[in-house]
Amino acid sequence: EAGVTQFPSHSVIEKGQTVTLRCDPISGHDNLYWYRRVMGKEIKFLLHFVKESKQDESGMPNNRFLAERTGGTYSTLKVQPAELEDSGVYFCASSQERLAGDEQFFGPGTRLTVL
Amino acid sequence: LAKTTQPISMDSYEGQEVNITCSHNNIATNDYITWYQQFPSQGPRFIIQGYKTKVTNEVASLFIPADRKSSTLSLPRVSLSDTAVYYCLVGGDTDKLIFGTGTRLQVFP
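Which chain is which? The protein sequence lines are G and P, in order. Heads up, our numbering is the position in the first sequence plus 12, with the first residue counted as 1. Heads up, our numbering is the position in the second sequence plus 18, with the first residue counted as 1.
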């Protein structure tokens, strides 16, 4: 069974440009999460989808970030316009059950570098 | 949400048993204790989860004392491939994972 996949693995853009990250969760997983780690900091939660609905977006840093999950399958995270402080690794995770503490399966991450 | 405290780093040699202790003094009644492992350039990976006493799987054991204010992840006979960052997480009433700084384990030959 394929795991969580993310694309691209690495993106380098200039400040002010737009970048879209994609996450394909494990097939059948209704729950999809986005996390990120900026340089020197801890991994932080961004938001949680249940199917196509945003269940919790309390971790989204500001309105330059837009996450979508049309059709309840893959998800995209768009950063527009990108700022220097957005550099970091963006992780996507998925889980089958909506139970607190349920195992989340993480993708390899997308390393975003904003110059 | 309960905050966790772990050692920043630990060193070990191949074949030794490694115990990583995590403190979570403010753990709530409905909180579970979960450990994740992360290799460089990869996402975190679930290792083990428990609520109280002892849990064992094919990878590790998790020891939780009666007061649940701490927990110890035990890795038997580590190998070089166990070099990674290990995160202790505590939560129970929310889906999102709260990561701390983790413990960077370095295994030497």
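Just so you know, not all the hints are guaranteed correct.
Said to hold, decoys possible - Calculated cross-link-like contacts (lysine-lysine; reagent style DSSO-like; alpha-carbon spacing at most 27 Å): (1) P/K72 x G/K53; (2) G/K90 x G/K66; (3) G/K53 x G/K66; (4) G/K90 x P/K21; (5) G/K90 x G/K27; (6) G/K27 x P/K87; (7) P/K21 x G/K53; (8) G/K53 x G/K27; (9) G/K66 x P/K21.
If you're looking for bench data, these hints aren't it; they were derived computationally from the structure.
These are the hints, each one checked on the structure:
1. With a C-alpha separation of about 31 Å, the suggested pairing of P/K72 with G/K53 is violated against the 27 Å cut-off.
2. Of the pairs offered as hints, the one joining G/K90 and G/K66 holds, with about 15 Å between alpha carbons and a cut-off of 27 Å not exceeded.
3. Restraint check for G/K53 and G/K66: satisfied, since their Cα atoms lie roughly 25 Å apart, inside the 27 Å limit.
4. For the proposed pair G/K90 and P/K21, the alpha carbon gap of about 30 Å is over 27 Å, so the pair is violated.
5. This hinted pair checks out: G/K90 and G/K27 have alpha carbons roughly 14 Å apart, not beyond 27 Å.
6. Pair hint G/K27 plus P/K87 does not hold up; C-alpha atoms about 45 Å apart against a cutoff of 27 Å.
7. Simply put, P/K21 and G/K53 have alpha-carbon atoms about 15 Å apart, close enough for the 27 Å limit, and the pair holds.
8. A C-alpha spacing of about 21 Å is found between G/K53 and G/K27, which places the hinted pair at or below 27 Å, so the restraint holds.
9. Simply put, G/K66 and P/K21 have alpha-carbon atoms about 26 Å apart, close enough for the 27 Å limit, and the pair holds.
Checked against the numbered hints given earlier, this structure breaks hints 1, 4, 6; the rest are met.
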